[in-house]
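Student: Each chain, letter by letter, is given below.
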Amino acid sequence: MTDPRFFRSHGPFTVAELAAMTGAELVGAGDPGLAITDLAPLDTAGPTQVAFLENRRYLSGFRSCRAGACLVAPEFVPQAPEGMALLVTPRPRRNFARIGQAFFPPEPAAPGVHPAAVVDPAAELGDSVSIGPGAVVAAGARIGARSEIGPNVVIGEAVEIGEATRIGAGASVSHALIGARVHIYPGVRIGQPGFGFEMDADGPFMVPQLGRVIVEDDVEIGANTTIDRGSGPDTVIGRGTMIDNLVQIGHNVVVGRGCIIVAQVGISGSTRLGNRVVLAGQVGVAGHLEIGDGVQIAAKSGVNRSVPAGVAVGGAPAVPIREFRRQIAAIKRLGRRSEGDT
Amino acid sequence: MTDPRFFRSHGPFTVAELAAMTGAELVGAGDPGLAITDLAPLDTAGPTQVAFLENRRYLSGFRSCRAGACLVAPEFVPQAPEGMALLVTPRPRRNFARIGQAFFPPEPAAPGVHPAAVVDPAAELGDSVSIGPGAVVAAGARIGARSEIGPNVVIGEAVEIGEATRIGAGASVSHALIGARVHIYPGVRIGQPGFGFEMDADGPFMVPQLGRVIVEDDVEIGANTTIDRGSGPDTVIGRGTMIDNLVQIGHNVVVGRGCIIVAQVGISGSTRLGNRVVLAGQVGVAGHLEIGDGVQIAAKSGVNRSVPAGVAVGGAPAVPIREFRRQIAAIKRLGRRSEGDT
Amino acid sequence: MTDPRFFRSHGPFTVAELAAMTGAELVGAGDPGLAITDLAPLDTAGPTQVAFLENRRYLSGFRSCRAGACLVAPEFVPQAPEGMALLVTPRPRRNFARIGQAFFPPEPAAPGVHPAAVVDPAAELGDSVSIGPGAVVAAGARIGARSEIGPNVVIGEAVEIGEATRIGAGASVSHALIGARVHIYPGVRIGQPGFGFEMDADGPFMVPQLGRVIVEDDVEIGANTTIDRGSGPDTVIGRGTMIDNLVQIGHNVVVGRGCIIVAQVGISGSTRLGNRVVLAGQVGVAGHLEIGDGVQIAAKSGVNRSVPAGVAVGGAPAVPIREFRRQIAAIKRLGRRSEGDT
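One line per chain: the protein sequences are A, B and C, in this order.
Numbers in my numbering are just positions in the first sequence, counted from 1, shifted up by 3.
Numbers in my numbering are just positions in the second sequence, counted from 1, shifted up by 3.
Numbers in my numbering are just positions in the third sequence, counted from 1, shifted up by 3.
Be aware that one or more of the hints could be misleading.
As the list claims (entries may be wrong) - Short, incomplete list of chain A residues facing chain B, as computed with Cβ under 10 Å:
| hint | residue |
| --- | --- |
| 1 | Y61 |
| 2 | R97 |
| 3 | G103 |
| 4 | R145 |
| 5 | A148 |
| 6 | P154 |
| 7 | E219 |
| 8 | N227 |
| 9 | A266 |
Keep in mind the hints are simulated off the structure, nothing from the lab.
All figures in this text were calculated on a predicted structure; none of them were measured in a lab.
Glycine residues also receive a C-beta, built at the ideal position from the N, C-alpha and C atoms.
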């Protein structure tokens with residue numbers, strides 16, 4: 004059961020209401036007026052809860068399921084237990100998420116500036132902005148309407164933040180323009196100087212970091228992730244991109260729209276990602292590369308060359324994914340072949 | 004010498020007292036009443052310090068050692084320098100740690116709520132709780148007796164924390180139930196939403212993250228580590244597990260008891276670890292896997308299949324450790340064999 | 004154009020002044036008295052901006068460049084567009100950085116203790132120290148002249164910080180002696196206990212962590228990086244070393260002078276690095292190793308043996324770099340050779 008201490012229910016909803024909000028077809032002997040109070044997995048759901056079945060693997064659990072209602076793909080309807088209200092849809096999982104959202108939408112923080120926050124008089128706050136205790140907002144910063152600045156967050160001078168953006172506890176943002184509906188998780192670091200040295204024949208030298216970070220609308224940035232500001236050009240995160248925890252994004256990196264960047268990925272300076280690029284966990288990408296639209300990079304890969312649009316790669320150094328799979332197969336054979344040797 | 008600015012000594016202890024607290028047998032010509040004031044390594048220890056010798060490698064240092072007392076394995080006793088008080092034990096290193104603990108136990112923070120903390124009136128604080136300056140404790144949170152909430156820590160609504168748990172500077176905890184004697188290091192992030200999207204044939208969609216984080220008793224969580232809350236099920240860290248710095252633990256992950264998770268490991272969503280699992284540094288584990296009791300995973304490995312109990316694996320993708328060693332040997336041969344080629 | 008909301012210009016400077024500050028020779032038809040207001044890349048620079056050309060690759064952009072002035076290597080002078088003031092130097096890029104520094108030097112924070120900071124009366128602050136809002140400075144801490152402690156930073160008891168050191172938002176430092184002109188980025192964690200357990204035949208046991216962190220002068224430490232204190236010996240970062248974001252440095256590690264440690268590197272306990280060692284991104288180094296002066300380690304490598312001075316290594320496990328390149332070439336051949344097989 005969803006823990007009511009942490010999540011306040013906006014339910015119950017009747018089975019008919021759930022059908023309406025998901026576009027599912029209501030079939031079976033169940034009562035359309037039945038009040039559903041919560042969501043639960045197939046194996047624990049009870050008579051006032053809704054579950055879902057999308058994958059054939061869980062069919063046996065479905066047959067003995069005690070849920071009052073179940074989102075179910077059409078092909079499994081004949082296997083339903085008696086009396087269950089069936090919400091038939093080709094996308095049970097997606098609609099289960101939609102019902103979860105209806106029951107437990109994110110709760111807005113109380114608007115207003117907490118007395119223990121420190122907001123410079125020269126900062127501008129939009130309507131219904133929430134500034135948590137211990138948060139610091141510097142001069143010239145502009146926070147859009149309905150945005151939430153969490154406890155102990157630090158917003159630097161002249162930073163702009165769009166509407167309905169949320170910033171989690173203890174994060175810090177400087178030298179940045181942040182869009183609307185962005186979600187920045189706790190401990191994120193945005194806008195600090197990049198690893199700003201270059202080399203020439205006389206050795207390393209420091210380069211002033213005079214650019215910014217631009218985060219477009221609807222971006223998610225996971226906990227303790229770091230995004231350095233540009234050195235002159237900007238570091239850019241495109242609209243709708245989702246970044247997981249503990250990711251490193253170097254200066255001047257440009258990430259396109261709708262990308263997915265999984266935990267502990269590192270992207271070195273001045274590399275450009277197209278749109279809808281997927282980087283799986285712990286991938287490393289060298290600097291000054293071009294990664295095309297729709298590129299997919301397998302977990303733990305090390306990318307040291309540009310990758311054309313639409314290509315999937317893997318390995319360190321990364322190669323096309325089919326070649327990578329053959330490498331793995333060959334190495335496995337080597338590991339077995341020499342079995343007699345040791 | 005242990006720096007008295009940072010560590011307050013509870014000594015001195017006599018050699019006889021050290022023998023009593025470790026169960027070591029006191030032999031040699033040394034004075035049991037000698038006051039020992041500090042611990043030191045073999046090579047720098049002086050006449051009022053205690054050292055230890057466990058490893059044959061350091062025998063020559065032992066012979067010329069000037070320590071007043073030394074914890075020593077029985078087989079090395081004949082090599083001791085004259086006049087040294089010998090504390091004979093089969094586990095010198097472990098008992099050296101025990102003596103260190105007696106000299107320099109962790110100092111409890113001053114109990115009470117610092118005037119610069121922000122504690123909601125609807126939070127409950129146990130006896131002798133310490134809340135540091137700038138800490139924020141939300142409504143409904145419950146902090147167990149003798150627990151310490153460090154400076155600028157943020158504790159979210161309804162979070163429960165057991166007794167004698169310590170949380171370091173700037174950490175944040177939400178949507179979580181934390182046990183007793185847990186040690187959370189600075190900058191840790193617990194309870195933020197997981198990387199909550201799934202894919203179906205229509206593309207990615209967001210899944211509400213409606214679970215919690217459960218941290219059982221006696222867990223250690225290293226600096227800047229991130230532990231996401233579950234999506235419906237909970238994320239669980241079992242009793243006595245030790246997690247190093249900069250580790251990522253995804254939503255719905257279940258970690259068993261007594262596991263050791265070294266720095267920069269990443270564990271993807273819904274994977275389950277048994278008890279006493281050891282993950283060495285920078286390991287990545289894919290999602291939805293089962294890692295059995297006592298599994299050991301070599302540093303930098305990438306695990307993309309479940310691993311049965313008791314098996315040691317290595318490599319990316321990980322294979323049984325002996326097979327991994329043969330792979331390495333074969334690759335090394337390849338690197339040498341083709342030496343003439345280039 | 005450099006965004007004036009985030010970077011305040013100390014210019015303009017005349018072309019003659021730029022020549023003087025860089026030692027470049029002023030040639031061409033340009034006006035030495037021309038006021039330059041900003042820096043820009045070759046392709047966007049306008050008539051009051053300065054650009055640079057060092058790499059032949061950008062020659063065509065240079066020929067059509069509209070910059071008022073340009074730092075340029077001698078060999079490219081004949082290709083300059085008409086009317087451009089040429090600042091001729093063998094190191095255009097380095098001097099471009101120097102001009103950037105002159106236009107936009109780091110702005111010192113306002114000196115003084117912010118009223119929302121919490122500074123223990125038994126802390127000592129040097130002249131012109133700046134303590135930001137929400138910062139906490141404990142008893143016995145000593146902060147050198149002109150140092151800047153950012154918002155919500157936590158400085159533990161007895162910590163010493165040299166002159167002109169800057170600590171970014173939300174960082175925490177305990178059990179440490181920090182030098183002068185050190186730059187600690189937001190979210191850094193210094194001085195927490197190391198991953199302090201050891202193993203013997205009876206299993207794991209905890210070791211008290213009784214050492215410190217010593218950070219020498221002129222060190223840079225990137226955002227959300229973690230540096231554990233020593234267990235008895237100290238953890239040491241040598242003068243002039245540059246550490247990127249999300250790096251893990253274990254207890255008792257000694258890093259020499261002038262090292263470069265790129266993002267997401269992990270160095271395990273008690274390993275020693277010489278001077279001028281370069282660790283590329285996501286490298287892992289096992290514990291108790293010796294890495295000699297000038298060693299270079301390729302990105303993503305896993306180092307499990309000591310490396311003698313001056314050697315470049317790569318791979319996991321790391322081998323000499325030429326051997327690593329042959330391994331890669333051999334594996335690539337395997338991936339292709341078996342193409343017919345699958």
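Student: Which hint numbers doesn't this structure obey?
Tutor: 1, 4, 5 and 7
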